[in-house]
Each structure stands twice: as structure tokens, then as C-alpha cells.
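J.: These protein sequence lines are chains A, B and C, in that order.
Offset between the first sequence (1-based) and this note's numbering: plus 750.
Offset between the second sequence (1-based) and this note's numbering: plus 768.
Offset between the third sequence (1-based) and this note's numbering: plus 383.
I should point out that these hints are in silico values taken from the structure, not numbers from a laboratory.
Errors might be hidden in some of the hints.
Result set (DSSO-like, lysine-lysine): computed pairs, CA atoms no more than 27 Å apart in a straight line [as the list claims (entries may be wrong)]: (1) 983(B) with 575(C); (2) 962(B) with 503(C); (3) 769(A) with 826(A); (4) 512(C) with 983(B); (5) 983(B) with 962(B).
Label-pair ranges, simulated between beta-carbon atoms [said to hold, decoys possible]: (6) 794(B) with 872(A): 29 to 39 Å; (7) 582(C) with 963(B): 31 to 41 Å; (8) 794(B) with 1069(A): 25 to 35 Å; (9) 809(B) with 908(A): 54 to 64 Å; (10) 446(C) with 903(B): 11 to 21 Å; (11) 812(B) with 1039(A): 51 to 61 Å; (12) 852(A) with 1010(B): 51 to 61 Å; (13) 448(C) with 882(A): 33 to 43 Å; (14) 1065(A) with 628(C): 37 to 47 Å; (15) 930(B) with 448(C): 50 to 60 Å; (16) 1069(A) with 462(C): 37 to 47 Å; (17) 1069(B) with 1069(A): 41 to 51 Å.
Just a few of them, taken from the derived set where beta-carbon distance is under 7 Å, the chain A residues facing chain C [stated by the list, open to error]: (18) 858; (19) 961; (20) 962; (21) 1031; (22) 1032; (23) 1043.
For clarity, every value in this text was computed on a predicted model and none was experimentally measured.
Quick reminder that beta carbons are idealized off the backbone N, C-alpha and C, glycines included.
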Amino acid sequence: MTGPLLSVRDLRTHFVRGKETLRAVQGVSFDVEPGRALAIVGESGSGKTVTARSLLRLLPRTARIANGQAILRVPKRAGASGGHRRGSGSASDAHREVDLLALPERELRRVRGREVGMVFQNAMEAMNPTLTLERQLTEHLLWHGICGKTEARERAVRALGDVGIPEPERRIRTYPFQLSGGMRQRAMIAMAMLTEPALLIADEPTTAVDVTVQRQILDLLVEVKNRGTGIVMITHDLGVARYFCDDVVVMYAGRVVERAPTTALLDEPQHPYSVGLLGSSVELGDRARPLLPIPGSPPDLARLPSGCAFHPRCGRAELPRCQTDQDLVTLTDGRETACWKAVADA
Amino acid sequence: MGTIATSETLATDLGAGSPVADAPRPRGQWARAWDRFRSNRLAFVSLIFCGLLVLLALAAPWVATHHYAETDYNARLTPIGTPGHLLGTDLLGRDVASRLIYGLRTALFVAFGAELTALVLALLIGLVAGYRGGRIEQVLMGFTDVMYAFPSYLFAVVLVTVLGRSLFALILAIGIASWVTQARLVRAQVLALKQRDYVEAARAMGARGPTIAVKYILPNAIGPILVTTSFAIPAAIAAEAGLALLGLGVQPPTPSWGAMITDGMKYLLAAPHMMVFPAVLFALTLLAFTWVGDGLRDAFDASGEQR
Amino acid sequence: MPDAGEVLVRAESVSKVFSSRAGDVRAVDELSFEIMRGETLGLVGESGSGKSTVARLVMGLQPPTEGRVLFDGADLASVRGREMRALRRRMQMVFQNPYGSLLPHYTAAANVAEPLRLHKIGDQDSRRKEALRLLDMVGVNPRFADLYPRQFSGGQQQRIAIARALALNPDLLVCDEPTSALDVSIQAQILKLLVDLRESLGLTCLFISHNLAVVERLATRVAVMNHGQLVELAPAEQLFHTPQHSYTQTLLAAVLPVRGAKAATLVDAPPVPEEEVT
Ligand SMILES: Nc1ncnc2c1ncn2[C@@H]1O[C@H](COP(=O)(O)OP(=O)(O)OP(=O)(O)O)[C@@H](O)[C@H]1O
Ligand SMILES: Nc1ncnc2c1ncn2[C@@H]1O[C@H](COP(=O)(O)OP(=O)(O)O)[C@@H](O)[C@H]1O
Ligand code: SF4
Ligand SMILES: [Mg+2]
Ligand SMILES: [Mg+2]
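So here's chain A without its partners, still in its complex pose (with noise of 0.2 Å):
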């Protein structure tokens, strides 16, 4: 092992809005190892959607990162053309580093889709409904120059198969719009996992579809995992995280607030937000536990409250001290919170 798979660093995501900046994202850093998924949880509007498309830079115009590093260690391959080479030390001979924030378009194109997959909430988003599944899939083969068209074609049937679509000989002639919601939500999976990418980016991808359908392509990304893929998976369901995930980022207001491995941090969270959180989460069999949600709602980005955002909705705020800029501190086990009383307390 040389290190992460991915490395974010002090990421920084601003968009330009009349004369205001909103600060969607403010310095987040975190890392994924291969084979392992990392969970990045908060609520609506907390940054979640713009860290992972600002690591391939598929931003609205508005948009602009602002600073920050992405270094993706991606395998050396025949054919693939020459990268940014970055700390030839550090990189072994198998891989090369490139800042994914800092990668010439040209060059990013070339990872995106091929070293780096994505699946979003909706797969309409990501799948053109004008063309079949064999046109999208070989299309994206050959674009990546990863094979000729004949074998093409076999990879893709055998990626849908290997997502659990049946009949895939005959299902890849079907368009996307025919395909019900939880087959789409794999043909997506099939066509990001074609080119065996390194790292795979997963946008809410069961939000949209049935608890069943979810638990199938949770089942489905299991596998994606165990061959050796790094994962990123947005959620704000703290069950699909407990699920799935090795480790959990919570973000609120643009920040992370607490990143600590999946259990630990279900079991006994450390920041008031996480608390939160999971004092809000209704599950089966809790009928009995008090309902406690956090007051408010989240904060408007261009107008964050001073210091910890979240001080105007935590029970255990204490002024001015929580006005103060919280910066991640590590707990004795490993974990990070951004809270001066979690860390008195532990």
C-alpha cells in the first residue's frame, strides 16, 4: 500500500450569486482506500451533491472551486495516455497520481467515466433516453478507446448481467425509459462499472427507488466493493450507511463535522449534529424512543451563523465559545469531530 486511493484536501466549492458567494462547500478533506466505502452523510443543502461532482468538475457554471487537491492514484494502463505525474516517489511503478482538481478538461475527460464511475439519484440524468443500452454502453467503451467494437459489445451484455439484469441479450436493446425504476438504477450501475474503474462516486443512488430495489443494488455496489473498488456514497439515510459503508463523513453547512468509522460512530456519535441526526432517525422496532428531532432548520449558506453553523440549532451550544471556528480535531481512536465539548468529553 502507497497510500489512498483518493486523497481530498481543504476542497473548496463556491458558487457566484449575484453579489453574494455561497461557500457550498468549505474545505472538506477526506480519504478513500480502495475496497472501501466511505459514507458522505448530512442534510439537504449540506455540500454532499457538490464534494463529489466537484472531484470530476461536473459543476454548473456558476460554480467555481476555489481551492483544494484530489489526488487519484490510478493504475497505469496500456494505451491510456500520459497524466499529470505528480511526486514520482511516492508513486509506485503500477500507478501514477493526478489532482483530478487540477487535471486539464481534456485529460479529465479521460478519467472521468473510465478511472472514475459515477451513479446518481436519477439515472435518467446520466443515461441519454434516445439511445438503446447497447449504443450508450459500447458507445462509452470506445469513446474511452478500451476496446474494439465486437468486444465491446460482449463487455457490455456481460456488465449487465453482472448487475443482475436479466436476459441482458435482449435487454440491451432496450432504451432507458422502458427499463422500471430499479433496473435503470443498474443499467447505471453496469455502464459506470464497464471500464473497471478504480473509484466509483454514488450520488443518492437508492433514494429514489423502493426499500427492496434499494437493498438489491446495495447488495449489487457489496460486490462492486469487494473486487476492489473505492467507493464514495452520498446518503442521507444513516441506515444505508451502517449498510454499506466502512466509514462515514457527516457534513453540515459545507463543513465535515465528524468522520469516524461506520459503527463508531452510529454506536456512539461524538458531535451534537451526529446526535442529532440520529436522534432523528425513525427505524423499526423504536416506537418507544422519544422522537428527537433537532430544532430549525439548516442555515442558509450565504449567511452562515459565525463560527460552528450549527450553534444556532444545538442543545449544548455555549456562547461565544461555539462562535468560534471549529476545526476537526482527532479523538484518541482515530476519529475526528469538529466540536470543543465532544472533545472535552472524550
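With chain A's structure known, arrange chains B and C with the ligands on it following the hints.
T.: Using the frame of chain A, we list chains B and C with the ligands on its own:
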């Protein structure tokens, strides 16, 4: 999930009694549209220009130095800057500046009159067809489609021929030619809004059909309708000029820019001012109204907004 | 508390068929159930199983193709005009998409007062006073009463929608996925609000959700729907502990635990069947 917090989602829910900053300003669709319109400089300047034109048209009898039909045989085809005739005179010795102002009055009167007629017709037919659906919709939209297929200029020619060359005939001719597109738009808007949950919610509250159509659907459909109307106004001004060009405009000596331009063409070399001023003012007016329309369209376009 | 055991809503083998060019869809297929006064009937099922259609049938917003729905003994399909409006007052609804269900050009207070105005209750001043009281009750600061719906967050919008539904003091509140569009933290706020209101006002509820945990929390009895049919109806306790129908078992098995302790119990649950392509 779907919701994107914007600076307009200011009402943070800290419940009653918690220390929140001053309550934000209520801002309905008109206030927001106005804010957006104002930030578009070209549209805003155009709006001021259009406003001035309207004022000028209203105040024509007081602003114009001469009556539009007043002839002065001693001062025919005088050039620009002639004392008493700032923009010169035409072949009959009529003051060009005054005729321009009265021409503006004709143009705006016809355009606004026609579009108002069109709007009323379109709202009535589009709203009823869109909201009621079924048989009524089939009949109304069938009628609209027939009208749509009918060449509008031909219709205007027929109407003016039958009713004679009067302002009233022009308004009717141009208005009827443009209500069709508008009615289709109204219906499309109504059909789209009918799908919104709030219509079902209103029915669940016990609201009746007409209430839903007029009080709940119409106010939300009005933005896009106003946008088309605002684009239809310059089109109507142009149509009025066009009909005048064909000799179907208002009865002379009532001035019309179209007629002034046609007349001016004949003396283009001898008296260029006769054509240049009406042509320039005509073009400027069309542009200004179109820019206002552009501004309105952007102001009412909710595509960049939450949900 | 109102009399338990008294039937408020009775659905007698109702079916709803939607006909389109693509053919007929049996959205609701011979459903029979009762909602007792004072109880909360939970309705769960996967998307497209017909839950919202049941809501509309119970609200009398759509006529059933077959069968009938009785509200307090009156057949909704045969009641007309004034009588229907009188019935409407007694049943109100909360929708999944709070923004979409509020009148965008009315302020929060005007939205809440609108049902009162429609039913000619009180004068303008008293209606506004009542609207402010209701907003306060659901946790919307009355100082924000004159803002427009889009100026509120999703959770606040849903509170306003709930206030509006309560304005007429209905006997029956139909909630169609009222928290599905909301974040977990906001969902918990709204659930708590609904629990509190239901208790203090003695409401009868039809509570629809695809989230079994949410339904477990609120419902007295639970009905499970699949492909338009009712596959199981039982008291909540019983349904969640000893589900009888295999579909109910499948649904329960697919729920992912958050706090972990129950993860092990899921192992012997039946496997999730392969989904068919539509
Ligand atoms: N196109 C955009 N223009 C302006 N601001 C944006 C845009 N997209 C996102 N934002 C802002 O960035 C912040 C983070 O958004 P993001 O979509 O990442 O949230 P999220 O946590 O993924 O929420 P959700 O669960 O709704 O997807 C939000 O506050 C949002 O207002
Ligand atoms: N107005 C309609 N026209 C045609 N089909 C409809 C209509 N409303 C619902 N359906 C169909 O009825 C079925 C059940 O719908 P619905 O009750 O909305 O499901 P749910 O609320 O459980 O998601 C679906 O197959 C849906 O497509
Ligand atoms: S820093 Fe203060 S306000 Fe922030 S989470 Fe910790 S205790 Fe709460
Ligand atoms: Mg998102
Ligand atoms: Mg539904």
C-alpha cells in the same frame, strides 16, 4: 434531497419565541419579477422609454405644436429646423413633428387596443378550455385551430374592407389575428398548472371550479401570458404600419407611421426628413417594446428558481 | 376522546381503473377497509402500489370505478353540491410535496385562512387571527405569517400545509407521504408535530408512507398494499412483529437498521425477490 436553500428561504424555523433576526420582507411573484426586471438595464431603460412614449401619446394634443391635419401651403416640404416646424413639413405643409406624435397615438392606441382585445378573448377561451376540458375544450380549441389556420393578414383585409377604415376596425382586425396564439398559450399554462398539487389541495379544501380557475390558476399563469402580450404589442404596431402600407390603415388625414413612411419614400431625395423620422421612431419603438418583452420574459422565467 | 369502535370511513371493495391508450391500469383492486374514529390507519406499499389513489378515493377527489366509499355513512359518490361541501369540511389532506400543495401567490397566513374563507367562516379579521393561532400551533413563527410559501424551508412549508389542513377542524386527516420529501431531521420534527396534534385534537388519520418505520411510529393499525391489492391489515404491533403475508415480510426484511442491534434478526428473513422489468 430536492430543496436548495436560497437566500430567499430566510424564514429559519426556530419556532416562535426564539431569537431570530428581523422577519424578512414578504416577496410575492410580482415583487420578485420586478426585482429581476429592474436588474436588467436594457429592459429597464426600454421600459422608461416606452413609458415616455405612452405619456407623449396621451399628451399629444398639448405637446404637438400643430394639429395633425393642419396644412400650410406656404411651407411645403420645408427642411428640418424651419422655425415653427422643428422637423420640417410634408408635401401638404403639415408639421412632421406633430404628425409623428399623433402617429404614435394611433400606433399605441391600435396596438394596446388590439392586444387588450386579444388578451380578454384569449383568457376567456383558454381558461375555460383548459380548466373545463372535455367537450367544451374540444369545441373551443377546434375553433381556435381553425382561426389559427386562417391567414391573419387576409382576415384583416376582409375585416377592414367590410367595416371600413377606422381605428375600431384595425383594433378588431389585429386583435383577432393575435388572440389565437395567446389562447393556446393560456390553455397550455392552465393545463400545466392544473397538474400542480395545490389544485388538488384546493379541491380537497372544498373550492369550486371557477374559484380554482380564476383565483388559483390564473394568477400563476399570468406571468408568461403578459410576456407574450408584451411581445405582441410591437408586433401589433408593426401590423398597423403594415396595413397602412397596404392602404388599409386608418383613414387619412389621421396620421399613421406606416402611411408617413410610404409617403416619405416618394420624396426620399427631396425631403429625406419625411421618411427618416417616422422610420427611426418606428424602429426605436419596436425595439424598446421588444426589449421590455425580453426583460419581462427573463423576470418571469422561474427556471432558475427553487422547484 | 371520541368513541373508539365507531366507523368513520368504510371502503367497500373499491376499485379504481385508469384507462389510457396504453391500456387499463387497475390502480386499486377491490379494497375493503374501515377507519375507526380516533385511530390512525397506516397504509404502506411500494411506489405505484396505489396508496395515493386510495387517498384520493377516501377524500372523494376521484370516484371509484367499482365499490363505494362511505364517510360517516354517506356514500361519497352520491353526495353532491352543498352536502358535498359540508362533507369536505370534515376531511382534509396533507400532501407529499409541501411547496406544490400551497398556493404560491398567497402568503402563509392567507393559505391557512383560505379554507375558512371558502367555507365562509368568520370575517377577515377573525380568519387572520385564527390563521396566526394555527401557524403558532404548528411551530411557524407568526412573525413570518406574511411571507410567501417559497420563502420558507421545506419543513416549514409542510407545517403551513398542516395548519391549513387543521383550519376547518376536520374529523379525518389524510396524510399522503407527508415526510417523504423532507430530510430526516425535519421528518422527525413533522412526525412529532403530527403525533402531538393527533393526541391533542383527537384526530382520525389515514397515514400513507412507503417508510415502514414512520408508519410503525404513528399507526394504530396498518394496511399493506401491493399492486393495488390489500395484502395484509393488522394492528401495528402485530403486523410488525408477526407479519403474516410474505410480501409484508419481504418489505420488513428490506428495511436497513440504523442503530445496529437488530441487524442480526434480519438474517432469517426471506430473500428479496428479483424485480421484474416493466
Ligand atoms: N446550481 C447551483 N447554484 C447555486 N447554488 C447551488 C447550486 N447547486 C447547489 N448549490 C448550493 O450548494 C449547497 C449544497 O448543495 P448540494 O446539492 O451539494 O446539497 P446536498 O447535501 O447534496 O443536498 P440534497 O440532499 O438536496 O441533494 C446548497 O446550499 C445549494 O444551495
Ligand atoms: N391519473 C392517473 N392516470 C393513469 N394512471 C394513474 C393515475 N394515477 C395513478 N395511476 C397509476 O396507478 C398506480 C398507483 O398509483 P399511486 O396511487 O399514485 O401510487 P403510490 O402512491 O403508491 O405511489 C400506478 O401504476 C400509477 O401509474
Ligand atoms: S461547537 Fe458548540 S454549537 Fe457547535 S456542535 Fe459543539 S457544542 Fe454545539
Ligand atoms: Mg444531493
Ligand atoms: Mg404516492
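J.: Each hint should be assessed against the structure and marked as holding or not.
T.: Hints and how they fare:
1. Under the criterion of a C-alpha separation no larger than 27 Å, the hint pairing residue 983(B) with residue 575(C) is inconsistent with the structure, at around 34 Å.
2. Annotation: proposed proximity of residue 962(B) to residue 503(C) holds, straight-line Cα distance about 24 Å (limit 27 Å).
3. Of the supplied pair hints, the one linking residue 769(A) and residue 826(A) is violated, its CA atoms being roughly 44 Å apart against a limit of 27 Å.
4. For the proposed pair residue 512(C) and residue 983(B), the alpha carbon gap of about 22 Å is at most 27 Å, so the pair holds.
5. Proposed proximity of residue 983(B) and residue 962(B) is supported: the alpha carbons are some 13 Å apart, at most 27 Å.
6. Separated by about 34 Å at the C-beta atoms, residue 794(B) and residue 872(A) satisfy the suggested range of 29 to 39 Å.
7. In this structure the hint that residue 582(C) and residue 963(B) lie 31 to 41 Å apart at CB holds, the actual value being about 35 Å.
8. In this structure the supplied range 25 to 35 Å holds for residue 794(B) paired with residue 1069(A), their Cβ-Cβ distance being about 30 Å.
9. Between residue 809(B) and residue 908(A) the Cβ separation comes to about 58 Å, which falls inside the hinted range of 54 to 64 Å.
10. Between residue 446(C) and residue 903(B), the C-beta spacing of about 19 Å keeps the proposed range 11 to 21 Å intact.
11. Checked against the hint of 51 to 61 Å, the pair residue 812(B) and residue 1039(A) passes, with Cβ atoms roughly 58 Å apart.
12. For the pair residue 852(A) and residue 1010(B), the beta carbons lie near 59 Å from each other, so the given range of 51 to 61 Å is met.
13. The hinted range of 33 to 43 Å is satisfied by residue 448(C) and residue 882(A), whose Cβ atoms lie roughly 37 Å apart.
14. Take residue 1065(A) and residue 628(C): their Cβ atoms lie about 42 Å apart, and the range 37 to 47 Å holds.
15. Restraint check, residue 930(B) to residue 448(C): a C-beta distance of roughly 53 Å satisfies the suggested window 50 to 60 Å.
16. A beta carbon spacing of about 58 Å between residue 1069(A) and residue 462(C) contradicts the range 37 to 47 Å that was offered as a hint.
17. Remark: the range hint 41 to 51 Å for residue 1069(B) to residue 1069(A) is upheld by a beta-carbon distance near 43 Å.
18. Hint on residue 858(A) is violated. Least Cβ distance to chain C is approximately 32 Å, over the 7 Å limit.
19. For the restraint placing residue 961(A) at the interface with chain C, the shortest Cβ-Cβ distance is roughly 4 Å, inside the 7 Å limit, so the hint holds.
20. A distance limit of 7 Å between C-beta atoms decides the matter here; for residue 962(A) the minimum to chain C is near 4 Å, and the interface restraint holds.
21. For residue 1031(A), the shortest C-beta to C-beta distance to chain C is roughly 5 Å, which falls under 7 Å, so the interface hint holds.
22. About 4 Å separates the beta-carbon of residue 1032(A) from the nearest beta-carbon of chain C, less than 7 Å, and the hint is met.
23. Given the 7 Å rule on beta carbons, the hint for residue 1043(A) holds: about 3 Å separates it from the nearest Cβ of chain C.
The earlier numbered hints that this structure contradicts are 1, 3, 16, 18.
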